[in-house]
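Colleague: Take a look at the letters that make up each chain.
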Amino acid sequence: MSALLPVAILLTSLVPAALIFFLAQQSHRLRNALCLGGAVLKIALILWMLIAVAGGATHEARLSLAPGLVILLRVDALALLFVSLSATLWLLTTIYAIAYFGTKAELSRFFGFFSLCVAATTGLALSGSLISFFIFFELLTLSTWPLVAHKQDRPSLDAARLYLLYSLPGSAALLWAVIWLESATGPVLFTDPPDLTGLDPASLRAIFVLFILGVGVKAALVPLHGWLPAAMAAPAPVSALLHAVAVVKAGAFGVVRVVYDVFGAADVAALGVGTPLAVLASVTIIWGSVRALQQSEIKKRLAYSTVSQVSYIVLGAALASPAAMVGGLAHLVHQGLMKITLFFCAGILDERAGVKRIEGLNGLGARMPWTAACFSLGALGMIGLPPMAGFVSKVYLGLGGLEAGAPWVLGVLAASTLLNAAYFLPLLYRLWFLPAAADARGDEAAPMLVVPAVVTALASLGAGGLAASALSPLGWATLIVERGFVP
Amino acid sequence: MSGLIDGTPWPLAVLVWPLLVALLPALPGGTGPALRLLPVAPLPALVFAIWGNPGSTAVPDLLLGMHLGAVPAGMLLLGMTAAVWAAAGLHAALTIGPDRKAAILCGFWCVTLAGNLGVFLAADVVTFYVAFAAVSLAAWFLVVHDRTAAALRAGRVYIVMAVAGEVALLAGLVIGMHAAAGTAIADVRLALSAHPAALALIMAGFAIKAGMVPLHVWLPLAHPAAPVPGSAVLSGAIVKAGLIGVILFLPDAGGWGATLVAAGLAGAFGAALWGLTQDNPKAVLAYSTVSQMGLMLMLAGVGQAAAAFHAMHHGLAKAALFLLVGTLAAAATGLQRRATLVLTALVAASVVGLPLTGGALTKAAAKDGLDPVLSQALTFSAATTALLLIWLLHRLAQSAPGAAAARASWAWLMAGPLALTTGAFLLPWLIWEGQTASPLAAALEPGKMLAALWPVLPGAALAIVLLRRPLAARPPGDLLLPLMQVAGLLQHHRLPQAHRPAAQWPGMRPMRLILRLGRAEALLQGWRLSGWLMLAGSLGLALLLIAG
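Each protein sequence line maps, in turn, to chains A and B. Its first residue numbered 3, the first sequence is counted upward by one per residue in our numbering. Its first residue numbered 648, the second sequence is counted upward by one per residue in our numbering.
Treat the hints loosely; a few may be bogus.
Stated by the list, open to error - Listed next, the stretches of chain A that the computed footprint assigns to chain B, with coverage defined by at least 3 CB atoms under 8 Å from CB atoms of chain B:
{"hint": "1", "segment": "311-323"}
{"hint": "2", "segment": "404-410"}
{"hint": "3", "segment": "414-424"}
Bear in mind the hints are in silico, worked out from the structure with no lab data behind them. For each residue, glycine too, the CB sits at the ideal point set by N, CA and C.
Can you build the whole structure from these sequences, using the hints too?
Modeller: Structure representation (structure tokens):
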């Protein structure tokens, strides 16, 4: 049983993916049933596993491809955090995507890759060895490309090209790092940290840099972030997937795995690479916010905001103190909830009101109160205003910075808060306070678009307001850190 | 595992009730009932402040573990705040019609109220911070309610300073939490004495809220811009959130006493004098608030226990004064007008501290055991206060009668300020015991009363001169005026709200530096760089193979 469960969870999105590719475009009902059925089944299985893991059990499934190449699916508390986040948001995004696309063209292709993308993310989350991590990481890259290019217009194809342009060198760097490291240590399993004594510090530093280059492309670390703002040309459900569920999260998750399970917090500190990574994350936080300030397209502004916010997670990992780690891991969930809310709303505004630029937001609050309210909640959370979830991450990252002897982190967080306020508050002001344009239209007669946004907005409110509860993302992050990373 | 709530649930109920009312306007047809509930929203808090037991309550699952439990100063200010919000809520319910603007006002009115009550009840820093953020940020909606150009400009200055204050406060509190290894306010306060930087950040946050010179610049813009009931709660109750912050967090040692005394005195006298250049009665009152808050910050800075006692009187009186400005505009007959002005004069006399008024008592308590120089300064402030408030009465008497369209009957509007005035006059007598060590009789000695009275005479004399030759009128904002000219904000504000690319607040242009950043980033998005990286990667792998 214990070996079956991780595989079953992976199959809940892999099997629908395999079937959907062969469905005719017109068989909407069957396709939707497969997508939703897979998503619901996955959540059920994860709930089952959550209860078991909270009680201390671990699940493992192992497959040896060749000597030294072990595909290992293993469920620990960290894997569960990521997998439950992506599964929950996947269900909501599926509902949203079904309503968003309606009966548009090429849906079997889209939902096939959509499911494949989530299968890759699930595999990535459950990976227990470096090699399986790498394989799923690459699968994720490849399955996302058709989603970004889905519209097949000029901007989408350009964005998809740019995505590969950034991802392929990243993959090369990651592969190089894996080979270099494993050639010295043998297969790396995340459960028992590899023996790094066979490598000199200079090589270890180089390997660390290669790892960060590899996963940093997906985590959109400056200067590897250029693909993400361009990818906003993709349809809204894909943006939601890229920004909150799968891709950038995979990068951030990869940073966490590299720092804690490949090198170990102590070695990262001893090699002196933690602080430079924290500085890089801080530069990304500020750079992304400053660039967001400049954008006048809603989705582009949100994309740069993601660049900035995902680096909170990297910052938490790099600081390598328990509180920072808790803050970073909690933010993995918090950012996902808040950003997916914002992208859901951006998609609704585009679909129902034809609004793509911030000027178009004027006065929409009266016409589309639910969307505008969810957007406002997400934006306030991003700024880090209580009681939204973002504020909890900020408090813990600040405490973590002080624990790690890096009080400058507080300055970065403060600057980020001010910049976030500067680029989000004017949007809210436009939504609620400025008069609408004479030709403004827009309605909310699409419950399958609006309800997912409401659910995630309320969840990000709950994650902050009930942060101290054991069931909150913060509670789960605390559990992970207490179990695994106490230095 | 402990229960959902440990201890008495009443403090939590006090906070939850206004938040429930805040949700009402979101329902269809809910705005009318919500408006009518505004006076009732703070009543549980009032009842709790009078009869409740300030014991501790813990709600372990909320926020980062919510702890409630007021110190005596907090309970005193909690009661005052509840009374002020109830009276202002009555005024709002009587004067504001149930339209869309009112729905927004109602919702955020209650959120602001909950935050305002929360700062007095919080026993852990996270709850305090959340409440402080709520009272700061939600109050923006009170400021901009009228949507006039002046209100929106005041709102812009307000939100910039409020967010800056939030950020400073949170950074300081996080350092405090780390140093104290816990979130209890008492522990953090102790730990702060060893962390001057954190203390400075926290004090900056409180100073902005309490209107401490020179961080007060938002206050004379925002308080007059709000509708009358909004001004009343801003000036009477909300500024006290900054004061309770100083009372709760300022450690006995830390070197902030001198700063607060200096800034407090500068505000006490400077703001009173600048207020004489104001024509709008509400702007005069706003400067009076800066002036009075200066005195309270001075008292809190030296750790004077009666600071909250004095603040309680000021809150009741100042809210009454603001509400009376609104009531006067609704006075239909000459008699109603005169009665309103007489009540205003009575409240003003109490603020000045004429003998036997409530203000005289709280001032006497504040002087008890105070450094003689500061005590003299407090005495002398009666001169500038008298001057400013006589100017206020003059401006009110000059105002055009019946200017406002009377939505509500004058008699009902009088009820709120009348109740607050009664409280301001009587409460200091009733609760004198326990606020200060010396007996009530000591404050009533004729010699002491005379000593407190003399500065009023030169103040009044100067006022008579001033009424004949008024100072040149100036726009509110004092120190902000040159600053805004430099920043060009005033010019931008005059621009029409046209559609501009990349505009933040309507009227702002993207900075050149930001445009350059964009160009720098474009360099990274090409095949050339990516190809180069791939080549380097392949070479590296090849080297690895050769070496292996």
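Colleague: Please list, smallest to largest, the hint numbers that this structure does not respect.
Modeller: 1
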